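Asker: Each protein sequence line maps, in turn, to chains A and B.
The first sequence begins at 1 in my numbering and counts up one residue at a time.
The second sequence begins at 1 in my numbering and counts up one residue at a time.
Keep in mind that the hints are not guaranteed to be accurate.
Derived DSSO-like pairs (lysine-lysine); straight-line CA-CA distance at most 27 Å [what the hints assert, rightly or not]:
{"no.": "1", "chain 1": "B", "residue 1": "LYS120", "chain 2": "A", "residue 2": "LYS259"}
{"no.": "2", "chain 1": "B", "residue 1": "LYS87", "chain 2": "B", "residue 2": "LYS120"}
{"no.": "3", "chain 1": "A", "residue 1": "LYS259", "chain 2": "B", "residue 2": "LYS9"}
{"no.": "4", "chain 1": "A", "residue 1": "LYS255", "chain 2": "A", "residue 2": "LYS202"}
{"no.": "5", "chain 1": "B", "residue 1": "LYS9", "chain 2": "A", "residue 2": "LYS275"}
{"no.": "6", "chain 1": "B", "residue 1": "LYS99", "chain 2": "B", "residue 2": "LYS83"}
{"no.": "7", "chain 1": "A", "residue 1": "LYS275", "chain 2": "B", "residue 2": "LYS87"}
{"no.": "8", "chain 1": "A", "residue 1": "LYS275", "chain 2": "A", "residue 2": "LYS259"}
{"no.": "9", "chain 1": "B", "residue 1": "LYS87", "chain 2": "B", "residue 2": "LYS99"}
{"no.": "10", "chain 1": "A", "residue 1": "LYS114", "chain 2": "A", "residue 2": "LYS151"}
{"no.": "11", "chain 1": "A", "residue 1": "LYS202", "chain 2": "B", "residue 2": "LYS120"}
{"no.": "12", "chain 1": "A", "residue 1": "LYS255", "chain 2": "B", "residue 2": "LYS99"}
{"no.": "13", "chain 1": "A", "residue 1": "LYS259", "chain 2": "B", "residue 2": "LYS99"}
{"no.": "14", "chain 1": "B", "residue 1": "LYS120", "chain 2": "A", "residue 2": "LYS255"}
{"no.": "15", "chain 1": "B", "residue 1": "LYS83", "chain 2": "A", "residue 2": "LYS151"}
{"no.": "16", "chain 1": "A", "residue 1": "LYS114", "chain 2": "B", "residue 2": "LYS87"}
{"no.": "17", "chain 1": "A", "residue 1": "LYS255", "chain 2": "B", "residue 2": "LYS83"}
{"no.": "18", "chain 1": "A", "residue 1": "LYS114", "chain 2": "A", "residue 2": "LYS202"}
{"no.": "19", "chain 1": "B", "residue 1": "LYS120", "chain 2": "B", "residue 2": "LYS83"}
{"no.": "20", "chain 1": "A", "residue 1": "LYS255", "chain 2": "B", "residue 2": "LYS95"}
{"no.": "21", "chain 1": "A", "residue 1": "LYS202", "chain 2": "B", "residue 2": "LYS99"}
{"no.": "22", "chain 1": "B", "residue 1": "LYS120", "chain 2": "A", "residue 2": "LYS192"}
{"no.": "23", "chain 1": "B", "residue 1": "LYS99", "chain 2": "B", "residue 2": "LYS9"}
{"no.": "24", "chain 1": "A", "residue 1": "LYS192", "chain 2": "A", "residue 2": "LYS92"}
{"no.": "25", "chain 1": "A", "residue 1": "LYS275", "chain 2": "A", "residue 2": "LYS11"}
{"no.": "26", "chain 1": "B", "residue 1": "LYS9", "chain 2": "A", "residue 2": "LYS202"}
{"no.": "27", "chain 1": "B", "residue 1": "LYS120", "chain 2": "B", "residue 2": "LYS95"}
{"no.": "28", "chain 1": "B", "residue 1": "LYS9", "chain 2": "B", "residue 2": "LYS83"}
{"no.": "29", "chain 1": "B", "residue 1": "LYS9", "chain 2": "A", "residue 2": "LYS192"}
{"no.": "30", "chain 1": "A", "residue 1": "LYS192", "chain 2": "A", "residue 2": "LYS255"}
{"no.": "31", "chain 1": "B", "residue 1": "LYS83", "chain 2": "B", "residue 2": "LYS95"}
{"no.": "32", "chain 1": "A", "residue 1": "LYS11", "chain 2": "A", "residue 2": "LYS114"}
These aren't lab readings, by the way, just hints derived from the structure by calculation.
Since the structure is predicted, the reported quantities are computational estimates derived from the model, not experimental observations.
Listed below are the residues making up each chain.
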Amino acid sequence: MSFIHCPSAIKIPVIPNMTPSDLWSGAGNDAGVIAFASGATPIGARLITTGEVCYRFSVSGWSDFLPVYGVCNGYLYWYSESGRWLYYSSGKWVIHNRFPGYIPSATLDDSTNKYSGDAWYETDSLPFGDNATATFSPKGTFLNDSGITGKLLTFQFPRWIAASTYGEYVIAGGQTGASPRIMGIARWIDDKGAYYLRSIGKTGDYYTYGEIHYDNSTAHWVIGTPGDAAGWYVGNEPVISGSVVFVSTLPEGSKLSPKENLTISFSDYVMGEEKSTVWLGEAAIWRS
Amino acid sequence: MAFFPDVVKGQTFTPSALLSNNVRHLINTLNGFQGHGIVGGSSGMVRIQVYNNTGADIAAGCAVNFTDGGSLCGDAVPAEPLKDATKPWGVVPVKLAAKQMGDCIISGPATVTLSGNGGKAQPSSSSPTTFMRGSSGVPVLFASGTSGMILLGGSGTTSDSEPDVILCQITCGNAQTGYTVAMYGNGPNQSSTGTGRLFVAEIAFNSTLPVGTRILGHRAMIQTTGGTV
């Protein structure tokens, strides 16, 4: 139910068409997910994912190409459990069964009109965006087979997206699970312009909303202190949809005039100013 | 622990039994009768004068910061409900209406609203009027239900029971989500003194340090925001 601004300087290889940054790590109900800026508005300016900061590709007949966060020729590369690598090489994106970095080549024998050497697929640019595809053309000895066809790769990036950092993130790219997800602290405003921020966690069984809190002694949602000679307000727990009226209340027998009631309505989501204690350590840059 | 502001000419006010008894006890003490102390007296606390620098009430028992957004008014400093517990803060013992002047306890015992369990308590910016009990914050001297008395050891102190540098051992996690660690405040061959969340200062994305890896963790305060409820 919260996100911590990741304090690590995370090293991410260059990803074509997007630049992840501003990483937040989920906790509680959001444990296991991360939120970040994509650097690519077409796929959502802000994303939440189950751990990936890069897309993958599906292809008929093979396992998906999943991102490997290592560098080959200046870019991140992908691996399919079907035993193929997808990597950048000499201006082309190559699918080959050798480890990234290998430069495939083939020679055409003019007398037989057959290739000898490697067999691979290649294309000029990767598909980017939901439903985007790119055909990888067969090369090398694949061309000795007249029936060979290209490989169609489809962009896949299950995620939750939002236009701005704090607010509701909705499902995109075939993501499953809760929708919308929330990032940020919900904030309400009264008709006098005062704001009320919901607490990140509950106090006992209840959230607090700035000065709005559940009073156990009277079993009411109140602003102020019940019994206060200067008065207090009684209402209900603030809600996202609609508004809640807090009624000005005075002690019995008070000669003061009641204040105007307060109408509380949901305003927006904000970062807030909460801090959490974490521990910061140092280790060699590591790959597992 | 009440503060009694001046009554100005023409102001209607209700006599206070607490104030009346304090005056009686003070006079009795001056006359040599020592039967009563002064109720709600200083109790060894340190207070400063403040004024409510907001447009809304600050409730009794609310933790406040001293904002740079106002100016010094005599000896009174501008106060606002707590926004950052890492900066100096205190507790206002009585409600302060907008712009009203009063006092603020910055050291010593203070009565506040408490929630949860634990020997310490600390406020948060989203809930400055309710102190959350746990292992961090200032000592809880006494608690009964949701009311209790805390001991402010000095403004801005929210020292934890753990030291600022501690031996951590990874139990799970990865680079981007952070590692869950067991902490060993008394040394590697002693019992774990707690758990925490550790991030590595600089590391490759998706790196997974093996379970059991030991790292020295340095305490850090990190921005946190809300999530899915």
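Asker: All hints are to be evaluated individually against the structure, with a verdict given for each.
Answerer: Structure-based check of all given hints:
Proximity of LYS120 (chain B) to LYS259 (chain A) is assessed by CA-CA distance (about 37 Å); at most 27 Å being required, the pair is judged violated. For a cut-off of 27 Å, the pair hint linking LYS87 (chain B) to LYS120 (chain B) stands: about 18 Å separates their Cα positions. A threshold of 27 Å between alpha carbons decides the hint, and for LYS259 (chain A) with LYS9 (chain B) the separation of about 25 Å falls inside it, so the pair holds. As the CA atoms of LYS255 (chain A) and LYS202 (chain A) are separated by approximately 37 Å, the hinted pair breaks the 27 Å bound.
For the suggested pair LYS9 (chain B) and LYS275 (chain A), the alpha carbons sit about 46 Å apart, so the restraint of at most 27 Å is broken. Restraint check for LYS99 (chain B) and LYS83 (chain B): satisfied, since their Cα atoms lie roughly 18 Å apart, inside the 27 Å limit. Distance hint between LYS275 (chain A) and LYS87 (chain B) is fulfilled; the C-alpha atoms sit about 12 Å from each other, no more than 27 Å. Taking the CA atoms of LYS275 (chain A) and LYS259 (chain A), the gap is near 35 Å; set against the 27 Å cutoff, the hint is violated.
Proximity of LYS87 (chain B) to LYS99 (chain B) is assessed by CA-CA distance (about 22 Å); at most 27 Å being required, the pair is judged to hold. Distance check on the hinted pair: LYS114 (chain A) and LYS151 (chain A) sit about 21 Å apart at the alpha-carbon level, within 27 Å; holds. Of the pairs offered as hints, the one joining LYS202 (chain A) and LYS120 (chain B) holds, with about 18 Å between alpha carbons and a cut-off of 27 Å not exceeded. Our distance criterion of 27 Å between C-alpha atoms is met by LYS255 (chain A) and LYS99 (chain B), whose separation comes to about 23 Å.
Taking the CA atoms of LYS259 (chain A) and LYS99 (chain B), the gap is near 18 Å; set against the 27 Å cutoff, the hint holds. Between the alpha carbons of LYS120 (chain B) and LYS255 (chain A) the distance comes to roughly 41 Å, so the proposed pair goes past 27 Å and is violated. Our distance criterion of 27 Å between C-alpha atoms is broken by LYS83 (chain B) and LYS151 (chain A), whose separation comes to about 56 Å. Proposed proximity of LYS114 (chain A) and LYS87 (chain B) is contradicted: the alpha carbons are some 76 Å apart, above 27 Å.
Between LYS255 (chain A) and LYS83 (chain B), the direct Cα distance comes to roughly 35 Å. Violation of the 27 Å bound is thereby established for this hinted pair. Distance restraint check for LYS114 (chain A) and LYS202 (chain A): the Cα-Cα separation of roughly 72 Å exceeds the 27 Å cut-off, and the hinted pair is therefore not satisfied. A threshold of 27 Å between alpha carbons decides the hint, and for LYS120 (chain B) with LYS83 (chain B) the separation of about 20 Å falls inside it, so the pair holds. At roughly 19 Å between alpha-carbon atoms, LYS255 (chain A) and LYS95 (chain B) fall within 27 Å of each other, so this suggested pair holds.
A distance of roughly 30 Å separates the Cα atoms of LYS202 (chain A) and LYS99 (chain B); the hinted pair therefore is violated under the 27 Å criterion. Taking the CA atoms of LYS120 (chain B) and LYS192 (chain A), the gap is near 36 Å; set against the 27 Å cutoff, the hint is violated. This hinted pair checks out: LYS99 (chain B) and LYS9 (chain B) have alpha carbons roughly 20 Å apart, not beyond 27 Å. Note on LYS192 (chain A) and LYS92 (chain A): the hinted pairing is violated, with a Cα-Cα distance of about 61 Å set against a maximum of 27 Å.
Distance hint between LYS275 (chain A) and LYS11 (chain A) is fulfilled; the C-alpha atoms sit about 24 Å from each other, no more than 27 Å. At most 27 Å may separate the alpha-carbon atoms for a hinted pair to count; LYS9 (chain B) and LYS202 (chain A) exceed this at roughly 46 Å. Taken as a hint, the LYS120 (chain B) and LYS95 (chain B) pair is honoured in the structure, with Cα atoms around 24 Å apart against an allowance of 27 Å. The straight-line distance between the Cα atoms of LYS9 (chain B) and LYS83 (chain B) is roughly 37 Å, outside the 27 Å bound, and the hint therefore fails.
Between the alpha carbons of LYS9 (chain B) and LYS192 (chain A) the distance comes to roughly 31 Å, so the proposed pair goes past 27 Å and is violated. The suggested pairing of LYS192 (chain A) with LYS255 (chain A) holds, with an alpha-carbon distance near 24 Å, which does not exceed 27 Å. Of the supplied pair hints, the one linking LYS83 (chain B) and LYS95 (chain B) holds, its CA atoms being roughly 18 Å apart against a limit of 27 Å. The suggested pairing of LYS11 (chain A) with LYS114 (chain A) is violated, with an alpha-carbon distance near 44 Å, which exceeds 27 Å.
Hint compliance for this structure: hints 1, 4, 5, 8, 14, 15, 16, 17, 18, 21, 22, 24, 26, 28, 29 and 32 are not met, and every other hint is.
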